[in-house]
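Novice: Chain A is already provided as a structure; the job is to place chains B and C on it using the hints.
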Amino acid sequence: MFKLPVVKMLFVVLKSLFTGSACKMYPVCKQEVIKESRGFLNIEPSLCILCSLCSKKCPADALVVNREDRTWEVDRMKCITCGACVEACPKKCLILLPERAGSSIRKQKTDQFNIPIEKP
Amino acid sequence: MASRTIIPFGPQHPVLPEPIHLDLVIEDEKVIEAVPSFGFVHRGLELLVGKKDFHQMVYIAERICGICSMIHGMGICYGIEHIMKIDVPERAKYLRVIWSEMSRIHSHLLWLGLAADAAGYESLFMHCWRIREKLLEIIEATTGGRVIFGVCKVGGTRRDIANSDIHGILITLKDIEKDYQNISKVFRDDYTINHRFSNVGFLSKKDAFELGAVGPTLRASGVSVDMRKTGYSAYRHLEFEALTENSEDCYGRCMVRVREIFQSFNLIYQAAEKLPNGPVDIKVTGNPEGEYFTRLEQPRGEVVYYIKGNGTQNLERFRARTPTFANIGPLVRMLSGCDLADVPVIVLSIDPCISCAER
Amino acid sequence: MNMNQEIKELKENELISNVSRLFKEGYRLVQISCSKSDKLQLDYSFDKEYFLLNLRLFLSLENPEVQSITDIYWSAFTYENELHDLFGIHVREINVDFKGNFYRIQEDAPFLNSDSIQHGGKE
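Residue numbers (the numbering used here), protein chains in the order written: chain A, 1 to 120; chain B, 1001 to 1359; chain C, 2001 to 2123.
Pulled out of the complex, with its shape left as it was, chain A reads as follows (with noise of 0.2 Å):
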């Protein structure tokens, strides 16, 4: 009996019968957010020295560091989440939290920053 493919088929359609779906109800159940991803790029503000590391790391040229403004910033849309510039970093002040940058309809999204001057 077992030869038959129809069978072997009917195996796979009578267990996805009573497991149940495999899908989410998106929008209603909230997706589960695994910890190591790369997501977001995220600043610590206070820690950052300007040193502009980061951008020049930056494969998308995304970051823009404006020393004499004292402000970073970053691209949203430029940025691919490579994870270049948490590691050039030397303050460790950057970190990639695993949550997803939210959607945008304009091309582009610039998040700016401003470091507040260090205390001596």
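Errors might be hidden in some of the hints.
[Said to hold, decoys possible] A partial selection of chain B residues facing chain A, derived with a Cβ cut-off under 10 Å: (1) His1055; (2) Gln1056; (3) Tyr1059; (4) Ser1123; (5) Leu1124; (6) His1127; (7) Glu1133; (8) Glu1137; (9) Glu1140; (10) Gly1144; (11) Gly1145; (12) Arg1146; (13) Gly1150; (14) Lys1185; (15) Asn1314; (16) Arg1319.
[Said to hold, decoys possible] When the alpha-carbon atoms are kept at most 25 Å apart in a straight line, the in silico BS3-like pairs for lysine-lysine are as follows: (17) B/Lys1052 / A/Lys78; (18) A/Lys78 / A/Lys56; (19) B/Lys1134 / A/Lys15.
No wet-lab data here; the hints were simulated from the structure.
In this text, all values refer to a predicted model and were calculated from it rather than measured experimentally.
Every residue gets a Cβ at the ideal spot worked out from N, C-alpha and C, and that includes glycine.
Specialist: The following block gives chains B and C in isolation, referenced to the frame of chain A:
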């Protein structure tokens, strides 16, 4: 003589995940000639070597194509390491093998899903992708990306898999393999799939070799060529055979991929068992000077990178000849003489990855 | 390391005879590539039992021209059309000549004048 018609096929077509255009010269229902043309997703990535240094090029090479990303990254790293005579730590070599075999499994599962869809099996397509999803979760948990792995760097790997995690990963992989076992039976024995793929897209052994076909397209014609046999990375320590089929048609190509998934599972188990302890990367100083042709085996076949460094931060030339590009010639040969209704299946059978081919 | 490879430099007129000899010896065409420096460097790669043999040609930057090998290796037309479309190399007697329409790109020979990457990519 029947009159000839030219039917455009693509760039948008249900079987094509990516845009390629074929002009099919039709006489009655037979295709006399197929003329391919490219350029819908040409990005000129190779020229970016002039603007980005060689560490950044690894990220760019990974983004040539989503599905093949791991091995693209590994290929450029491997070439630069060879030029700079860097000895990569053993653990990194084994980790690269584990990840590239995972990418092979998920690429082949994706293809099997598309093949099932082309044969009219929509729920089988869903099943293949359901299994693939479990694997993508492992990949995301170990590398941080679902399809863009981003773990290779010049001198080793950027992430490590902790020894304590490996046991859990192997258990999940064995579950996936068991699940896949049931589904592979459908591809192997099912009447409809057998009839849809058999004797379609015939490519003889002699033709396949002379036209320079690569990967499953070549191996399904009975030629045993598998670049993993050259023993790059840790493949020299692992036991496997290049899988071949002798049916020389689309069914053979499907079967090669069905069997290669089992082989990849086996390679991951072997590599995990032999995984040595130690560091995963070494510090790289200096710039590459010299040239090298790297040849690796991608899910779709042999890929060739030509890397030439001139002693500066920027490489002088980076060229990737991807498997789909090599398979275009054989595809054109397969298409001439086939039925119009078989064209989608034949185009699908080489596993076309156009963003790879155009770069 | 058993990834053997060898590079052999050739004159332009020796190409066809060498390629047809390799075809008879059972080599598989792996790729044809081009690199630009002060000259154009063409690499014809062939494989036999995991041994990679490269035939290397040098062409001048002005009006580069080369004989097609598609009489010997039929499928080489993809590579040769690529050479024409990206590097502007004129390939003589090619079997399927797309006349610059293989890649549908805006400019002629963008890789030959590689300054052309400076524009484009922006909104």
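Novice: Compare the structure with each hint and give your call.
Specialist: Going down the list of hints, with the structure as the test:
1. His1055: holds, 8 Å
2. Gln1056: Cβ of B/Gln1056 sits 4 Å from chain A, so the hint holds.
3. Tyr1059: Check passed: Cβ of B/Tyr1059 comes within 4 Å of chain A, closer than 10 Å.
4. Ser1123: With a closest approach of 8 Å, the B/Ser1123 hint holds.
5. Leu1124: holds, 8 Å
6. His1127: With a closest approach of 7 Å, the B/His1127 hint holds.
7. Glu1133: With a minimum Cβ separation of about 8 Å from chain A (threshold 10 Å), the hint on B/Glu1133 holds.
8. Glu1137: Because about 7 Å separates B/Glu1137 from the closest Cβ in chain A, which is inside the 10 Å limit, the hint holds.
9. Glu1140: holds, 5 Å
10. Gly1144: holds, 4 Å
11. Gly1145: holds, 6 Å
12. Arg1146: holds, 8 Å
13. Gly1150: B/Gly1150 check passes; min Cβ-Cβ to chain A is 5 Å, inside 10 Å.
14. Lys1185: The hint holds - B/Lys1185 has a Cβ within 10 Å of chain A, the shortest such distance being about 5 Å.
15. Asn1314: Hint on B/Asn1314: violated, closest Cβ of chain A at ~13 Å, above 10 Å.
16. Arg1319: violated, 19 Å
17. B/Lys1052 / A/Lys78: This hinted pair holds, its Cα atoms lying about 16 Å apart.
18. A/Lys78 / A/Lys56: holds, 15 Å
19. B/Lys1134 / A/Lys15: holds, 17 Å
In this structure, the earlier hints numbered 15, 16 are contradicted, and the remaining ones agree with it.
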